[in-house]
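K.L.:
Below, each chain spelled out in residue letters.
There are 4 protein chains.
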Amino acid sequence: MAARYDEIKLGRLKEEVCEANLELVEKKLVIYTWGNVSGILREEGLVVIKPSGVSYDNLVPNMMVVLDLSGNVIEGNYNPSSDTPTHLELYKGFPEIGGIVHTHSTYATAWAQAKRPIECFGTTHSDYFYHEIPCTPELTPEEIGGDYETNTGKVILRTMEGRDYKAMPGILVANHGPFTWGKDPFTAVHNSVVLEELARMAYLTLTINQDITGIQGALMDKHYLRKHGQNAYYGQPADKEQKK
Amino acid sequence: MAARYDEIKLGRLKEEVCEANLELVEKKLVIYTWGNVSGILREEGLVVIKPSGVSYDNLVPNMMVVLDLSGNVIEGNYNPSSDTPTHLELYKGFPEIGGIVHTHSTYATAWAQAKRPIECFGTTHSDYFYHEIPCTPELTPEEIGGDYETNTGKVILRTMEGRDYKAMPGILVANHGPFTWGKDPFTAVHNSVVLEELARMAYLTLTINQDITGIQGALMDKHYLRKHGQNAYYGQPADKEQKK
Amino acid sequence: MAARYDEIKLGRLKEEVCEANLELVEKKLVIYTWGNVSGILREEGLVVIKPSGVSYDNLVPNMMVVLDLSGNVIEGNYNPSSDTPTHLELYKGFPEIGGIVHTHSTYATAWAQAKRPIECFGTTHSDYFYHEIPCTPELTPEEIGGDYETNTGKVILRTMEGRDYKAMPGILVANHGPFTWGKDPFTAVHNSVVLEELARMAYLTLTINQDITGIQGALMDKHYLRKHGQNAYYGQPADKEQKK
Amino acid sequence: MAARYDEIKLGRLKEEVCEANLELVEKKLVIYTWGNVSGILREEGLVVIKPSGVSYDNLVPNMMVVLDLSGNVIEGNYNPSSDTPTHLELYKGFPEIGGIVHTHSTYATAWAQAKRPIECFGTTHSDYFYHEIPCTPELTPEEIGGDYETNTGKVILRTMEGRDYKAMPGILVANHGPFTWGKDPFTAVHNSVVLEELARMAYLTLTINQDITGIQGALMDKHYLRKHGQNAYYGQPADKEQKK
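Chains as they are written, first to last, in my numbering: chain A, 1 to 244; chain B, 1 to 244; chain C, 1 to 244; chain D, 1 to 244.
Same shape as in the complex, but just chain A:
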């Protein structure tokens, strides 16, 4: 077994995933057990995720569950999050992400419940999410009755078809809530915080002016690209490598 993976690297990821889970509480995105964060060691094909239904108050790194991409538990004394199969689908479908977050954060969940994508109303949005944040269609009764959590992953991947998952690091699952991802668990949490704030701003924008439409393409491009494009000039030079 020792040959199969690097214990130090895995231990570090468990700490990171644990801490990223705790950050969900600190950023007020979850109450009780309403969320989960995972991370992945790509070379080893190992996913680290929060145990199911365990209170954040008691969470420590060695409670994290380690699985392979087929869902076999490799390490850990707890059941993994019941949403684990959704995470696995996304890791398989988005080959360059390193972390995933699921929450029931208030405003993002309200949009998911209203089954509406979040249109791009401003530069705050296009600084992070390029174009509108999609909302999946509902699952069919067959998909729900079958392998529900895997099918949740599949409907996310289907909805993301034709979209660049690096430029759209999150989605709303209809009647459920948001999923976000990123290059590592902390970036995925960061994107969850931003998504929640964008959902809140969009809610207010729409109730101030029901007829408002999204921002013009030129402005959306400008903001996304000044931060993430090849000639990005937002931030410090050292950030650039990190960004791509």
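It is possible that part of the hints are untrue.
Said to hold, decoys possible - Cross-link-like lysine-lysine pairs, in silico, DSS-like; alpha carbons within 30 Å at most: (1) Lys154/A to Lys227/B; (2) Lys28/C to Lys27/B; (3) Lys28/B to Lys27/C; (4) Lys166/B to Lys28/B; (5) Lys183/B to Lys28/A; (6) Lys92/B to Lys183/B; (7) Lys28/A to Lys166/B; (8) Lys27/A to Lys28/D; (9) Lys28/C to Lys92/D; (10) Lys9/B to Lys166/B; (11) Lys227/C to Lys27/A; (12) Lys227/C to Lys28/C; (13) Lys166/D to Lys28/D; (14) Lys28/A to Lys154/C; (15) Lys154/C to Lys27/B; (16) Lys154/C to Lys166/D; (17) Lys27/A to Lys9/B; (18) Lys92/A to Lys227/A; (19) Lys28/D to Lys166/A; (20) Lys227/C to Lys28/B; (21) Lys28/D to Lys27/B; (22) Lys227/B to Lys166/B; (23) Lys28/B to Lys28/C; (24) Lys183/A to Lys9/A.
Quick caveat, the hints were computed from the structure, so don't treat them as lab data. Because the structure is a prediction, the values reported are computed rather than measured.
We have chain A; now place chains B, C and D onto it with these hints.
P.N.:
Leaving out everything else, chains B, C and D in the frame of chain A:
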């Protein structure tokens, strides 16, 4: 008297009820004296409840009032909560609950004032409350003029007829506010926190999309049952016994 | 001068007024200098009020300004609150109040800006405020151009005509914000906190259900009277004298 | 170089700008790196501004960037905020301001995204901002594709034409967010806090009463002038010089 009940067991319940009352403040469900929690020793038929109109700042366990199910004060130097008769009705009508909470939490009270049940718009709701959260009809002037607090309990029981009180651990009393219950006082508080958040999410959902309807039955069943059903797989094996 | 009033009693009131002002910040009813609390010694005819435009961070009791009911400064090194003449009118018009609060708290101010009274939508409201919370008419340009702050007091008194100021311990001044009062400065602050929460609940109630109307008279009477009536049974026996 | 400016004065401004940036976080106007504050030494023609994309957690005074009014970096190891050219335009256009703030605060940004000016609905507004807070028109694709941040400054100046920038210390940039200014960086932050609260109150006012119109001119004048006019009587005598 010593023969009638176990002082240690009762002392423990007083501590639990006191602490559960304080948790209402910590979770921002009540300001001033706007709420109360009770618990029951089923075998002994003793109910422990917060004293009426006493500030949470000064609450200690031996200020709790102990009553029998007929409302006779057995122990305590204070008047019990003015809502005590409502609690007693619920303990009599729901034989397996162990704790009850009443608050005037903002969003749940707003729905109660709007006299609308909270429809099940998403999985956050169906993880805890199976189907829409009902709102009682208004009391008649006769019911208000008579034994008001007992009649409040009765209208709750009438509205819950045909519903499973374990799968619907809360209700809105029209023009008043929410009541929740659970297997013990802390679970009842937990359900109050969840109800308030569901009320907030439903409010936002409805103002984003006025025409939205509740989630499909298959999804509602799936989420409720993966957490509470016989084959529940959410959480850890040890939780199961606790859950039912 | 020593003959005119009791220094100890006055010193105690200054402390109380100072602390009540600080409580506005703690309860999140004011930011910066957006509020003021006063108190009165009825026998001596002395009003104690916050100095104008002074930050709450630096407020200490001996910065409070002491005036007589004609507005003459008796003690203090600072200008009194610019709203002082409004307070004086209310002390003259409501002979049994002992404290007054003015804030620009968010929801109450929004109702004042919308120029709508806050209808009584539930028992939370009728536990404290008997009937709808009125909103004054606008001042005329002449009243604004004249002795503006005194005229603000006068329009409050005019609007309160035919209402019992003890059963309606607050009002909205159109386009401006709320004033509340009570038997002492802390009770007036308490009523400001309650008014803000009622304004928030009423806002939510109305946006959930635009056609909602106020609660039936029987329920309103029941709640107001079980707490404040002759046969009040809310709270502890010792509270009763305090209440009336 | 030593002859060109006073190191002590500059050092003090760096501290002030750094602290004013941190105040944005404390006042909950920004998350992550979503805002920036600058200050200016008028005689020296030196602008001090936050570095771009740097976390507030790590901000210390000597990380501030010093530029001249043409945008040449004079001192500092970091890239200046990407919004620097907007700040420079405003310093050139508003000759008596000493500090500028840009944020993406929630309610003000929602109004900017809804592309609506914030009407003056009450005295809280007219205590600080005289008349409605304008919203710029959208930039043209050419302006966005060209020197975008400079053009943002130019559209602000164009929109402010005919308005007194001292009596209107802030603006909404369409689809983007608010900019505020003041006699120094802290006053500019103060104005940002006030603008956000006014945006929130106006949002609530409008959703309570869609047909509401702004306050009468006499009341607006009264409140603005009792605080800022020649015969201002709000606050303490010592404030007066500071105010103008």
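K.L.:
Give a verdict on every hint.
P.N.:
Checked hints:
1. Lys154/A to Lys227/B: holds (22 Å)
2. Lys28/C to Lys27/B: At roughly 17 Å apart (the allowed maximum being 30 Å), Lys27/B and Lys28/C satisfy the hint.
3. Lys28/B to Lys27/C: holds (13 Å)
4. Lys166/B to Lys28/B: holds (25 Å)
5. Lys183/B to Lys28/A: holds (27 Å)
6. Lys92/B to Lys183/B: Distance of about 14 Å is within 30 Å: holds.
7. Lys28/A to Lys166/B: holds (29 Å)
8. Lys27/A to Lys28/D: Holds, at roughly 13 Å.
9. Lys28/C to Lys92/D: violated (38 Å)
10. Lys9/B to Lys166/B: holds (24 Å)
11. Lys227/C to Lys27/A: violated (40 Å)
12. Lys227/C to Lys28/C: holds (26 Å)
13. Lys166/D to Lys28/D: Holds, at about 25 Å.
14. Lys28/A to Lys154/C: Violated, at about 46 Å.
15. Lys154/C to Lys27/B: Violated. Lys154/C to Lys27/B sits at ~42 Å, over the 30 Å cutoff.
16. Lys154/C to Lys166/D: violated (34 Å)
17. Lys27/A to Lys9/B: Violated - the C-alpha atoms of Lys9/B and Lys27/A are around 39 Å apart, more than 30 Å.
18. Lys92/A to Lys227/A: Since the Cα atoms of Lys92/A and Lys227/A sit roughly 27 Å apart, the hinted pair holds (cutoff 30 Å).
19. Lys28/D to Lys166/A: holds (29 Å)
20. Lys227/C to Lys28/B: holds (23 Å)
21. Lys28/D to Lys27/B: Holds - the C-alpha atoms of Lys27/B and Lys28/D are around 21 Å apart, at most 30 Å.
22. Lys227/B to Lys166/B: holds (13 Å)
23. Lys28/B to Lys28/C: Within the cut-off at roughly 14 Å; holds.
24. Lys183/A to Lys9/A: holds (16 Å)
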